[in-house]
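Student: Protein sequence lines correspond, in order, to chains A and P. Residue numbers for the first sequence follow the working numbering, so the first one is 255 and each next one is one higher. Residue numbers for the second sequence follow the working numbering, so the first one is 777 and each next one is one higher.
If you are wondering where the hints come from, they were derived from the structure by calculation, not from laboratory data. Do not rely on the hints blindly, as some may be mistaken.
[What the hints assert, rightly or not] Distance windows between CB atoms, simulated:
| no. | chain 1 | residue 1 | chain 2 | residue 2 | range |
| --- | --- | --- | --- | --- | --- |
| 1 | P | Ser954 | A | Glu380 | 58 to 68 Å |
| 2 | A | Arg386 | P | Arg961 | 31 to 41 Å |
| 3 | A | Gln342 | P | Ala797 | 38 to 48 Å |
| 4 | A | Arg386 | P | Ala801 | 28 to 38 Å |
| 5 | A | Glu412 | P | Pro830 | 17 to 27 Å |
| 6 | A | Asp302 | P | His807 | 44 to 54 Å |
| 7 | A | Gly270 | P | Ala797 | 52 to 62 Å |
| 8 | A | Lys310 | P | His807 | 41 to 51 Å |
| 9 | P | Gly794 | A | Glu412 | 27 to 37 Å |
| 10 | A | Pro273 | P | Arg820 | 43 to 53 Å |
| 11 | P | Val975 | A | Ser322 | 24 to 34 Å |
[Stated by the list, open to error] One side only, chain A facing chain P, incomplete, derived with CB under 7 Å:
| no. | residue |
| --- | --- |
| 12 | Leu309 |
| 13 | Arg408 |
| 14 | Leu410 |
Keep in mind it's a predicted model, so treat the numbers as computed, not measured. All C-beta atoms, glycine included, are put in the ideal place defined by N, C-alpha and C.
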Amino acid sequence: MDVHDDAQDVTQAQAGDEPAFRRLVERHSRGVFQLAFRLTGSEPDAEDVVQEAFLKAYRELRRFEARSSFRTWIHRITVNCAYDLLRQRPRHKAESLNADEGDGVGGIEPEADETSRPDRLAFGAEVQSRVRTAMDLLTPAERTAFVLRHFEGRSLEEIGEALGLRVGATKHSIFRAVQKMRRALAPIVGCS
Amino acid sequence: MNHLSEEQLVLYHYGDAGDRAENAAIEEHLHGCEACQVQFAAIRRTLDTVQSAPVPERGDGYGTEIWMRIEPRLAASRRPWWQTASDFFVPRRLVLAGGVAVLIVAAFVAGRLSPGTTQPARPPAVAAGKANGGQPAATQEQVRERILLVAVGDHLERSQMALVELVNTGDGPKVDISAEQIRARDLVSANRLYRATAVSAGENGMASVLDDLERVLLEVANSPSTLTTAEFQKVRERIEAQGIIFKVRVLGDNVREREVRPAPKVASIRG
Ligand SMILES: [Zn+2]
């Protein structure tokens, strides 16, 4: 991931050099896919987001200023594309998970005999599917804030800036995300 | 000291619990309190589980594969705006709803803000019915909040569409934005009202995004109607540099969500 190569390729691509843009696509596709998958939790959706993000980058390339790295820029575009997709996608009803309204976990049935062995199940398909379901309970903003904080290690300020939220609201989105997932995953992780 | 809240523990995990002193206090409590340690461990277990869900592998040839898929579409993305602009249209519902919403909000803001009024004015019955499902149990405060949310939600949607259309306008030597300006002017006057209402309702996050939005709308409204490509480019760049379209969209979602869920009991949920 050579930053110098990126800068050079961006300049050339901005001048209309398509092979330079191709090099950018080839260099960043995997990273963009990873982020898109974390944000959407679905392979087909992530694939769509990857393509949309690069097409958008291509359209807006002449407006890209070298103040940030191409990686930062394309990741920001990816977040925007994924967010758009999330808000169009039907979501599990998560209202019953509100902090002060009981502990229904919409559509997830606990399986008692699994509760004691989270370690053994860590990579199992069952856990994976439960995590996906838990993530689907989050609102687009909660999910995006959580992924950016947890997986991407972005600061609250950066996330707030990206989502147009103040730091307090960003914190709250992250907390709500974790809280909802905790409740949804309680059957396999253990309750307290 | 009381036990640590779930929120404190989650934020502490990410190093976001507050300043150094607050962090130290949490750490100290955690050190000496078994109940909180159990809570904290459970949070970590959840996050570890989420972390362990693998991301599907993509091989070395993935970038080339993506390139092959998007290359045929690159030419299309260079198409002039008028061939692609049909994606963006304004639903008639919203055009009609705009003026009505402004009137409703204006009515209750006037009641609330006019000097010497200690008792806030009652909002029009029709608005209360629409916003509250006609339940008598809601306080005036809740009714007012719902009205604001519904009206602001519509306003944000219209503003977003206006801005999206604007940035997708024009690649010729001269760009005529007179139609967009008319819309921007309408939106500015509505925006002022909503911003004032948001401020008076203590909705600081909403007020701040509306403030940013107003500046952009004003700039559009006050530009010359015909711009050179370079001038137009500048306007477009400023809109995009601020990320205002995205912020408006996120706030809009936020507002729509609050419209449908019960009034929050936690004060900090106000964003
Ligand atoms: Zn404690």
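Student: Each hint should be assessed against the structure and marked as holding or not.
Tutor: Outcome of the hint check:
no.	hint	in the structure
1	P:Ser954 with A:Glu380: 58 to 68 Å	holds (60 Å)
2	A:Arg386 with P:Arg961: 31 to 41 Å	violated (46 Å)
3	A:Gln342 with P:Ala797: 38 to 48 Å	holds (44 Å)
4	A:Arg386 with P:Ala801: 28 to 38 Å	holds (37 Å)
5	A:Glu412 with P:Pro830: 17 to 27 Å	holds (26 Å)
6	A:Asp302 with P:His807: 44 to 54 Å	holds (47 Å)
7	A:Gly270 with P:Ala797: 52 to 62 Å	holds (55 Å)
8	A:Lys310 with P:His807: 41 to 51 Å	holds (48 Å)
9	P:Gly794 with A:Glu412: 27 to 37 Å	violated (18 Å)
10	A:Pro273 with P:Arg820: 43 to 53 Å	holds (47 Å)
11	P:Val975 with A:Ser322: 24 to 34 Å	holds (32 Å)
12	Leu309	holds (5 Å)
13	Arg408	violated (11 Å)
14	Leu410	holds (6 Å)
In summary, the numbered hints that this structure violates are 2, 9, 13.
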